[in-house]
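S.K.: Yeah, the sequence shown ends on 273 if you go by this note's numbering, and it's all consecutive.
Hints in this document: simulated from the structure, not taken from any laboratory.
Treat the hints loosely; a few may be bogus.
Claimed, not checked - Each pair of labels, with its calculated beta carbon distance range:
1) Glu-68 <-> Pro-208: 49 to 59 Å
2) Cys-107 <-> Gly-218: 39 to 49 Å
3) Ala-121 <-> Val-271: 43 to 53 Å
4) Cys-110 <-> Arg-234: 45 to 55 Å
5) Pro-208 <-> Lys-54: 18 to 28 Å
6) Lys-54 <-> Gly-245: 37 to 47 Å
7) Asp-105 <-> Phe-264: 40 to 50 Å
8) Gly-122 <-> Pro-270: 47 to 57 Å
Claimed, not checked - Taking lysine-lysine pairs in the DSS-like style, the calculated list, with each CA pair at most 30 Å apart, reads:
9) Lys-155 <-> Lys-54
10) Lys-58 <-> Lys-155
11) Lys-54 <-> Lys-70
12) Lys-119 <-> Lys-266
13) Lys-54 <-> Lys-69
14) Lys-155 <-> Lys-211
15) Lys-242 <-> Lys-69
16) Lys-58 <-> Lys-69
17) Lys-136 <-> Lys-52
18) Lys-119 <-> Lys-69
19) Lys-211 <-> Lys-250
20) Lys-58 <-> Lys-70
21) Lys-70 <-> Lys-155
22) Lys-119 <-> Lys-58
23) Lys-136 <-> Lys-119
24) Lys-119 <-> Lys-52
25) Lys-250 <-> Lys-136
26) Lys-136 <-> Lys-69
27) Lys-155 <-> Lys-136
28) Lys-119 <-> Lys-54
29) Lys-136 <-> Lys-70
30) Lys-69 <-> Lys-155
31) Lys-52 <-> Lys-69
32) Lys-119 <-> Lys-250
33) Lys-242 <-> Lys-136
34) Lys-119 <-> Lys-70
35) Lys-250 <-> Lys-266
36) Lys-155 <-> Lys-250
Keep in mind the model is a prediction, meaning the values are calculated, not measured.
Cβ coordinates follow ideal geometry from the N, Cα and C atoms, glycine included.
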Amino acid sequence: MDDEIRGCSTREDSDDEAFLQNSSDEEEHHFSAGSMPKLQFRAVKSKARWKDDMGMAEVIEKKGKLWVTTGIIREGRTYCSIEETLYLMELGALHLLDNCDICIRLTDIYRKAAGREDGCCWELFEAYKHLKSLGYIVGRHGVSWSMKDISKTVHKPAALEVTEENNQSEDMGSRDEQSLNELFSEMHINELRPDFDVYLPNNKFRKTSPGDPSFLLHLSRGHPPSRAEIEVLEKQCGEIPLKISLVEDGRVSFFSFDKVELPVLP
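Kindly produce the complete structure, drawing on both the sequences and the hints.
M.R.: Rendered as structure tokens:
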């Protein structure tokens, strides 16, 4: 079992195809022992428009250096999941509008997450936020960062290959928003599957060629998974390590399991 991941000072920047050092636009976190980071708000904000039918936000104006590791790309447009949208709004890095160009309040997105809407729940957001605060690159499992990512994929778990092949054919035969809507609507909160693909902080990360994740994360809903459930999850992960996340009273813990064979006694 892994020790709980604790806070450490991190900085996440980059908007192009490489991470750039820019002290005026860094995401700085200040930690105290045993506490979550206090996030500094940004003076420069990107803009996005919330799509109720998709449960995602479409980015309409990019600013700053976060976008190389945030959002998925379809036909040149960037879309953010609800957890990405909420995280960026908490940072003060995103100005969210509705279809009438009226500002959407942070509390409105909180309600969506708390109401278990759009394939997310509050515990899932807490796990996402914790990993992002530590500098990890996090994306929804089964959702490719870009269409080029699909075409360049050589080896991934079989379940993910089937999902991506179906998504690719759907995306080629219909509008991007409809394809993404269908993809995210098939993801159920209580489904026994990995929730996130997680990458270590890496200045070579590219959405068009991200490579295999460092590990896959599954959020345990209310109770630790049984042995049978872990075996089901591990089969979906293939050779990629699996970690289990448990969120209780705002405290996020991460676990992994090793197979141990006991000797047969005579």
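S.K.: For every hint, state whether the structure bears it out.
M.R.: Now the hints, each set against the structure:
no.: 1; hint: Glu-68 <-> Pro-208: 49 to 59 Å; in the structure: 26 Å, violated
no.: 2; hint: Cys-107 <-> Gly-218: 39 to 49 Å; in the structure: 41 Å, holds
no.: 3; hint: Ala-121 <-> Val-271: 43 to 53 Å; in the structure: 50 Å, holds
no.: 4; hint: Cys-110 <-> Arg-234: 45 to 55 Å; in the structure: 48 Å, holds
no.: 5; hint: Pro-208 <-> Lys-54: 18 to 28 Å; in the structure: 27 Å, holds
no.: 6; hint: Lys-54 <-> Gly-245: 37 to 47 Å; in the structure: 38 Å, holds
no.: 7; hint: Asp-105 <-> Phe-264: 40 to 50 Å; in the structure: 44 Å, holds
no.: 8; hint: Gly-122 <-> Pro-270: 47 to 57 Å; in the structure: 51 Å, holds
no.: 9; hint: Lys-155 <-> Lys-54; in the structure: 25 Å, holds
no.: 10; hint: Lys-58 <-> Lys-155; in the structure: 24 Å, holds
no.: 11; hint: Lys-54 <-> Lys-70; in the structure: 8 Å, holds
no.: 12; hint: Lys-119 <-> Lys-266; in the structure: 38 Å, violated
no.: 13; hint: Lys-54 <-> Lys-69; in the structure: 7 Å, holds
no.: 14; hint: Lys-155 <-> Lys-211; in the structure: 16 Å, holds
no.: 15; hint: Lys-242 <-> Lys-69; in the structure: 38 Å, violated
no.: 16; hint: Lys-58 <-> Lys-69; in the structure: 17 Å, holds
no.: 17; hint: Lys-136 <-> Lys-52; in the structure: 19 Å, holds
no.: 18; hint: Lys-119 <-> Lys-69; in the structure: 24 Å, holds
no.: 19; hint: Lys-211 <-> Lys-250; in the structure: 23 Å, holds
no.: 20; hint: Lys-58 <-> Lys-70; in the structure: 20 Å, holds
no.: 21; hint: Lys-70 <-> Lys-155; in the structure: 23 Å, holds
no.: 22; hint: Lys-119 <-> Lys-58; in the structure: 13 Å, holds
no.: 23; hint: Lys-136 <-> Lys-119; in the structure: 16 Å, holds
no.: 24; hint: Lys-119 <-> Lys-52; in the structure: 22 Å, holds
no.: 25; hint: Lys-250 <-> Lys-136; in the structure: 16 Å, holds
no.: 26; hint: Lys-136 <-> Lys-69; in the structure: 21 Å, holds
no.: 27; hint: Lys-155 <-> Lys-136; in the structure: 27 Å, holds
no.: 28; hint: Lys-119 <-> Lys-54; in the structure: 19 Å, holds
no.: 29; hint: Lys-136 <-> Lys-70; in the structure: 20 Å, holds
no.: 30; hint: Lys-69 <-> Lys-155; in the structure: 21 Å, holds
no.: 31; hint: Lys-52 <-> Lys-69; in the structure: 8 Å, holds
no.: 32; hint: Lys-119 <-> Lys-250; in the structure: 26 Å, holds
no.: 33; hint: Lys-242 <-> Lys-136; in the structure: 27 Å, holds
no.: 34; hint: Lys-119 <-> Lys-70; in the structure: 25 Å, holds
no.: 35; hint: Lys-250 <-> Lys-266; in the structure: 14 Å, holds
no.: 36; hint: Lys-155 <-> Lys-250; in the structure: 27 Å, holds
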